[in-house]
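Visitor: Those sequence lines, one after another, are chains A and B.
Quick note: the first sequence uses our numbering, first residue 32, plus one each step.
Quick note: the second sequence uses our numbering, first residue 32, plus one each step.
Do not take every clue at face value.
Identical copies go unnamed one by one, so any copy, or any two together, can satisfy a pair.
Quick list of in silico lysine-lysine cross-link-like pairs, DSBU-like style, CA-CA up to 35 Å [to be verified]: (1) Lys611 to Lys303; (2) Lys128 to Lys172; (3) Lys74 to Lys172; (4) Lys697 to Lys187; (5) Lys556 to Lys611.
Bear in mind the hints are in silico, worked out from the structure with no lab data behind them.
Number of protein chains: 2
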Amino acid sequence: MNSRVSFIKLNQEIYFKRSRSKYIENTAIMTSPFAPLSAQEIKLASTIIRDGHDSAVRFKTISHYEAPKEQIVNYLEKNGPAPDRKARVYTYSGEGKKYNSIINLTQQKVEKSEIVPEEIQFPMTDYDQKMAEHVCENHPKILAEVAKCKLPKGAKVIADPWCYGTDDPNETRRLFQCYFYVVFSDHPEANHYANPLPFSPVLDGETFELLWISKLPLEEGFADQDAETQPVENFLSNDYHIEAQESVRSDLKPLQIVQEEGPSFTVAPENKVHWQKWDFTVGWNAREGAVLYDVKFDGRPIFYRVSISDMTVPYADPRPPFHRKQAFDLGDVGFGVTANSLGLGCDCLGHIKYFDGWLANAAGDPVLMKNVVCMHEVDNGIQWKHTNYRTPEISSVVRKRELIIQTVATVANYEYIVMLIFDQAANLRIDIRATGILSTAPSKDGIKLPFATRLGPNVQAPYHQHVFSLRLDPAIDGYKGNSVVYEDVVPFEESDNIPDPYGCGFKVNQTTIKKPGFVDEDVQKGRYIKIVNPNKINPVSLKPVGYRLWHITSQPILMKPNSYNVKRAEFGLHPFWVTKYQDDELFVAGEFTNQSQVDTGLGIWSKRDENVENDDPVLWHTFSLTHIPRPEDFPVMPVDMLSLELKPSGFFEKNPCLDVPRSNQKVNKSVLIKDTCCKI
Amino acid sequence: MNSRVSFIKLNQEIYFKRSRSKYIENTAIMTSPFAPLSAQEIKLASTIIRDGHDSAVRFKTISHYEAPKEQIVNYLEKNGPAPDRKARVYTYSGEGKKYNSIINLTQQKVEKSEIVPEEIQFPMTDYDQKMAEHVCENHPKILAEVAKCKLPKGAKVIADPWCYGTDDPNETRRLFQCYFYVVFSDHPEANHYANPLPFSPVLDGETFELLWISKLPLEEGFADQDAETQPVENFLSNDYHIEAQESVRSDLKPLQIVQEEGPSFTVAPENKVHWQKWDFTVGWNAREGAVLYDVKFDGRPIFYRVSISDMTVPYADPRPPFHRKQAFDLGDVGFGVTANSLGLGCDCLGHIKYFDGWLANAAGDPVLMKNVVCMHEVDNGIQWKHTNYRTPEISSVVRKRELIIQTVATVANYEYIVMLIFDQAANLRIDIRATGILSTAPSKDGIKLPFATRLGPNVQAPYHQHVFSLRLDPAIDGYKGNSVVYEDVVPFEESDNIPDPYGCGFKVNQTTIKKPGFVDEDVQKGRYIKIVNPNKINPVSLKPVGYRLWHITSQPILMKPNSYNVKRAEFGLHPFWVTKYQDDELFVAGEFTNQSQVDTGLGIWSKRDENVENDDPVLWHTFSLTHIPRPEDFPVMPVDMLSLELKPSGFFEKNPCLDVPRSNQKVNKSVLIKDTCCKI
């Protein structure tokens, strides 16, 4: 048995010493097709898999596998039978093979089990990370390299294992690149990113053997891979933890959210939420984290499924090995896998309902992810107001109460906060906040790099992009008969034959998307996307009912068209994509992004010759944050915020929140501040 | 004495019967160059004016006139003398002439008094509105026109006077166009916009004589102006007031903001605010409403003046007389003049500090505008967070406390909510929310118009744009030595000679603006604007200190280049403009927009051949909301939200909110919801 096969075996000693503790609760097989996997279901899936393999099976992922949409819609619309519950399981077997299996949990059997080709790599897991860290901390060659840095006394070396961005079409090994940093304290929150070291070992991601050690460039040119690692100087102390701050503001007064009568929502079993005419299920899985299913307002379906499908983060530093920094934070790792356990009074303010999730560890046992989703109400200012100026002493104000479903994912250095926000006017907003710590690179002092921001004498933050994809599976007044259209607002054209003597006229040109493909941004035309149901006409506007996407206008992926960055993530090239719904087409860049060579998601689906008009289209919205780091983003980054919204557009016959109680002091109990001078 | 002269006299009987009550407080002459006019100062200004005129003088506007910037900076930086306080006064004199005067309040004298050319029109005032309404309600010809509509019993006619959009280069008369509507109840909030009538009288805006009555088109073509007005049918009942709703939601639980220790801000006399390292003055005037002056963080100046300079609202309906609907809501009327008196527990939630303002009435007496600005703190989620994934049980979270300065203006049918929002990371966000009621036009039933949304059998909402201009007078670490630059993020070019074997490299191209002019949007290049101080280098980034504008990407003005809409508002053509600072150049489309023929603001200032590099530039940002009305926007519109932000970009050496106390349950007192099922 060669090393590639022998290392498939779970290294229990190393793994469990470093693992989070695990729990098993006595939970049952779920009923709803949208409920996240329960502990029982995970245990069942791993047991069924193990029964079909020898004992050396190692689990990568056990996640919810959704039933066919046709079955689910039949269940929802026609009271049909609840579809069978299923799990998708990625495993390594003792024979050194990789399997992608579908387990039918209801029928307790293997529904499908395929051997995964050698060049396809599963996502990075908790196990991978812990094994890689162990090698980084103990391998003699790596320790020798660290020794060459001649670190001062008290220096503690920390390694971050990264997925290995594709750069070789012939590479079929699973690889991890590791970046090394130093801290000078035992504080658990010491910021190692302030002090990067000038080398990067690459490990075999199956055997955890050290393959080679790359030298990192310290100037604009490439590193000499044969040069000896030099002693490192000019260490920077730049910590975010409170103990490291010279002073702390003393003039911030407490602010609390009080709901004496409790929250306005109810939660039924299997994560079914009801709030202010909205009904939906909060799904959750290893890859996407929180997902919304079967979103309805006042009983009318609007969305079948809403999710962040993936995000890729390519870096602009062209110097090997930094060109390999292109994470797919969902596909390579997972927003569920990296979800934070949210803390009461820290991550969410007010009256908080938490949802837990379950993952599988490498042994196939369920691991509780406690409080990975929080839900609470907020007051977000004014929703609508009008004052008849003839009687200014009377006016009507309705406040904008919102329901926020929030998750936070920590993907190594960065944090992503995803907020799914419902309001009373039937709007669904999605806010994403990027925070956490910049990924840094070492450098000589005094260097200005054209692709990075200097953060200190020996540390640079390379430019990069965060390119997100939002997947919208619409159900505007029906689960199938929807169309995606785009609308351009343009001045009258001569061919319109509309008299316009003063040149002020403009109109809306609507284009229905008939085949899969993409649509580009056009700011001059004010272009936007709508999802309509052409089978249902709004009796007021006399036009099809619909929802409009108030999208994020942003820069496409900046890498060259023939780069791996783009070939792996074609979704980055255009802001709007439409595909025809097919079961199991959820992930924008394909099911397996880790070391992918091509985009097997939209790269394939958007090129099929199919009808999507009035026939189950899926809308994908790409938006990005081109991050030119600021010194202000270090040692931890104040949030950069992205916000998009889905708003009814001729879906209702009038304002859907006219029936919200008017804002009034009796309920809101605001406090008048009379004298504020010199109070502090 | 002809009618044009005789009507200059204040018609006290009609005016005061309809006026808000007035108050005079014993307030003094102010000291700060940024303080809004006090009652005493308004009284003094009108007394000085009246002393120089006969008794027939009628006041249009008395507003704060700012001292020269050089004097103010000398006062701020070098402890120089406080500049003289001044007021700008627009008046009609008994001789039928219009005057634009500057009154030096400190020295109690007229500093300048110019006769205003005939073709220049002052803004529309409270007096104009009341006089016009009186004519609309009483003129026999108008009553005869109403009679032809054969309105059902109980119908009550309501007229909205509008400024008259320019359509004739030879027109020098002051004109108002009036639109007529019907309600069927005595409710003070009955929505008359649901039932527009098919004619529009035009009045002389000085004499208030009826000039003619335009017929309104009811189909796609133009109206026959000689045709008899026909009886109106198909009235629509569509009210927003609570009594008109069939039901009211009963499941919204109260939510209160509690600050047991009070707010975190202090307010010194003359509106000087201190909050979380920020210092600034809340200015206020008739035209702009709230204005920020001398904005500093941690003692360092950032902005000298921040204001919404103007907004124009051109309508897409090409059929005369609707082509004349192009309001300049600040220049023609004023966000101060139309400011709402905000209600405790209605418009602002929490612990609220209010600011009052003072205006002058037509007699030159001060009128108190009570509670026109509210200020309060909110919690806006997470400001930054990081979890070291190795120790997930420990993490640092800082919440995003914000200070919101909010005003609401009611300009006839629409409401605009302006929110100036400071946070602890030295960001200044500006949110604008549009709400209120759509401006409607009558139509025959069953009509679909290519430039309007059908709202009911006899009512349409024409498409339109709200084109805003934000004026930023920067003071990045100094009141004068600033530059405006734009940055494009682009892939490496061949000429860069940077090895980029994998095609992932990109860089920032910075262009300094050296002469007044405009810059266009470039989404593909991710273009953004920065204001930098080239005289001060950030020791961490080694680049000039600066602030970046996270702008609003939006559609330019849609009207044809030779239209009056564009000629009057050149600022609508491009998103970014730079001018050289000159005293008294505050208003983007010029001082007088009412019936203007050309843009006398940027239309002139942006074409001057001056140096703006490192020499007192002013940045103007144009952004728009192209409003294609939805049925959901009626009878009152849920807010459309626009948001832009000014963020430090190499202004600080590190994250400026590291010193904010960490979020913790002891202070935040969140409430864990354990069981939410079936509670309601």
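Visitor: Take the hints in turn and mark each one as holding or not.
Guide: Consistency of the hints with the structure:
1. Taking identical chains as interchangeable, the C-alpha atoms of Lys611 and Lys303 lie at most 35 Å apart only when both belong to the same chain, with a minimum of 28 Å there against 58 Å between chains.
2. Taking the shortest alpha-carbon separations for Lys128 and Lys172, only the intra-copy value of 29 Å comes in at or below 35 Å, while the best inter-copy value is 92 Å.
3. Proximity of Lys74 to Lys172 under the C-alpha cut-off of 35 Å is found in neither arrangement, the shortest distances being 40 Å within a copy and 85 Å between copies.
4. Taking the shortest alpha-carbon separations for Lys697 and Lys187, only the inter-copy value of 33 Å comes in at or below 35 Å, while the best intra-copy value is 58 Å.
5. Taking identical chains as interchangeable, the C-alpha atoms of Lys556 and Lys611 lie at most 35 Å apart whether they share a chain (27 Å) or sit on different chains (31 Å).
Hint 3 from the earlier list is the only one contradicted by this structure; the remaining hints agree with it.
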